[in-house]
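Asks: Use the sequences and the hints to build the structure in full.
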Amino acid sequence: MPDPPAPLYLDEDVSVVVATTLQARGFDVVTTRDLGKLGRTDAEQLATSAMAGRVFLTHNRVDFESLHGEWLQAGRAHAGIIVARRHAPSELASRVGRLLSRLTADDLKNQLLYV
514 MPDPPAPLYL
524 DEDVSVVVAT
534 TLQARGFDVV
544 TTRDLGKLGR
554 TDAEQLATSA
564 MAGRVFLTHN
574 RVDFESLHGE
584 WLQAGRAHAG
594 IIVARRHAPS
604 ELASRVGRLL
614 SRLTADDLKN
624 QLLYV
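Following our numbering, the numbering of the sequence shown begins with 514 at its first residue and continues without gaps.
Take the hints with a grain of salt, since some may be wrong.
Stated by the list, open to error - Quick list of the computed label-pair ranges, beta carbon to beta carbon: (1) Glu583 with Ala537: 22 to 28 Å; (2) Thr533 with Gln586: 20 to 26 Å; (3) Val575 with Gly552: 26 to 32 Å; (4) Glu557 with Lys622: 32 to 38 Å; (5) Gly566 with Arg546: 15 to 21 Å; (6) Val530 with Leu626: 17 to 23 Å; (7) Asp619 with Arg599: 18 to 24 Å; (8) Gly582 with Pro517: 15 to 21 Å; (9) Arg599 with Leu551: 16 to 22 Å; (10) Gln586 with Pro517: 27 to 33 Å; (11) Gln536 with Ala587: 30 to 36 Å; (12) Gly588 with Gly539: 32 to 38 Å.
Stated by the list, open to error - Derived EDC-like pairs: lysine to aspartate or glutamate, alpha-carbon spacing no greater than 20 Å straight-line: (13) Lys550 with Asp526; (14) Lys622 with Asp555; (15) Lys622 with Glu557; (16) Lys550 with Asp576; (17) Lys550 with Asp620; (18) Lys622 with Glu583.
The hints are simulated quantities; they were obtained by calculation from the structure and are not laboratory data.
Note that CB positions come from ideal geometry on N, CA and C, so glycine has one too.
Replies: What follows is the structure, encoded as structure tokens:
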């Protein structure tokens with residue numbers, strides 16, 4: 514039996530429509546809004562997703578590339594970071610859904626991927 518797709522945590526800069534679209538397709542997705550984390554720092558957002566074992570989805574390439582490097586250098590683990598170019602919510606949901614369908618949570622751990 515295949516592993517279920519990795520759970521996802523959407524940064525506040527990602528449309529909530531992406532979350533609802535992925536949820537409708539059976540993915541486990543929460544947003545910063547769902548968790549009451551709006552306005553928190555990028556470092557806090559990554560820590561929240563890591564503690565929850567959720568892959569982090571953001572449009573913020575520069576800051577999360579830096580955080581990813583800092584975490585690896587410090588020996589800290591995260592569930593993965595997906596940096597997405599801005600697309601229509603339906604297109605982004607399709608891209609992320611395809612990625613999550615192909616890779617396991619173990620494949621994504623400590624990885625920085627782009628869609």
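Asks: It remains to establish, for every hint, whether it holds in the given structure.
Replies: Right, here's what the structure says about each hint:
1. Glu583 with Ala537: 22 to 28 Å: violated (35 Å)
2. Thr533 with Gln586: 20 to 26 Å: Hint violated: Cβ distance 36 Å, outside 20 to 26 Å.
3. Val575 with Gly552: 26 to 32 Å: violated (19 Å)
4. Glu557 with Lys622: 32 to 38 Å: 20 Å Cβ-Cβ, so the 32 to 38 Å window is violated.
5. Gly566 with Arg546: 15 to 21 Å: With Cβ atoms ~20 Å apart, the hint holds.
6. Val530 with Leu626: 17 to 23 Å: holds (21 Å)
7. Asp619 with Arg599: 18 to 24 Å: Given range 18 to 24 Å: violated, Cβ gap about 29 Å.
8. Gly582 with Pro517: 15 to 21 Å: violated (29 Å)
9. Arg599 with Leu551: 16 to 22 Å: holds (19 Å)
10. Gln586 with Pro517: 27 to 33 Å: Check passed, 31 Å falls within 27 to 33 Å.
11. Gln536 with Ala587: 30 to 36 Å: Because 33 Å falls inside the window, the suggested range holds.
12. Gly588 with Gly539: 32 to 38 Å: Taking Cβ atoms as reference, Gly588 and Gly539 lie about 34 Å apart, which means the hint holds.
13. Lys550 with Asp526: Between Lys550 and Asp526 the Cα gap is close to 12 Å, so the pair holds against 20 Å.
14. Lys622 with Asp555: holds (18 Å)
15. Lys622 with Glu557: Within the cut-off at roughly 18 Å; holds.
16. Lys550 with Asp576: Roughly 18 Å separates the two Cα atoms, so the pair holds.
17. Lys550 with Asp620: violated (27 Å)
18. Lys622 with Glu583: Satisfied, since the Cα-Cα distance of roughly 15 Å is no more than 20 Å.
Violated hints, in rising order: 1, 2, 3, 4, 7, 8 and 17; the structure is consistent with all others.
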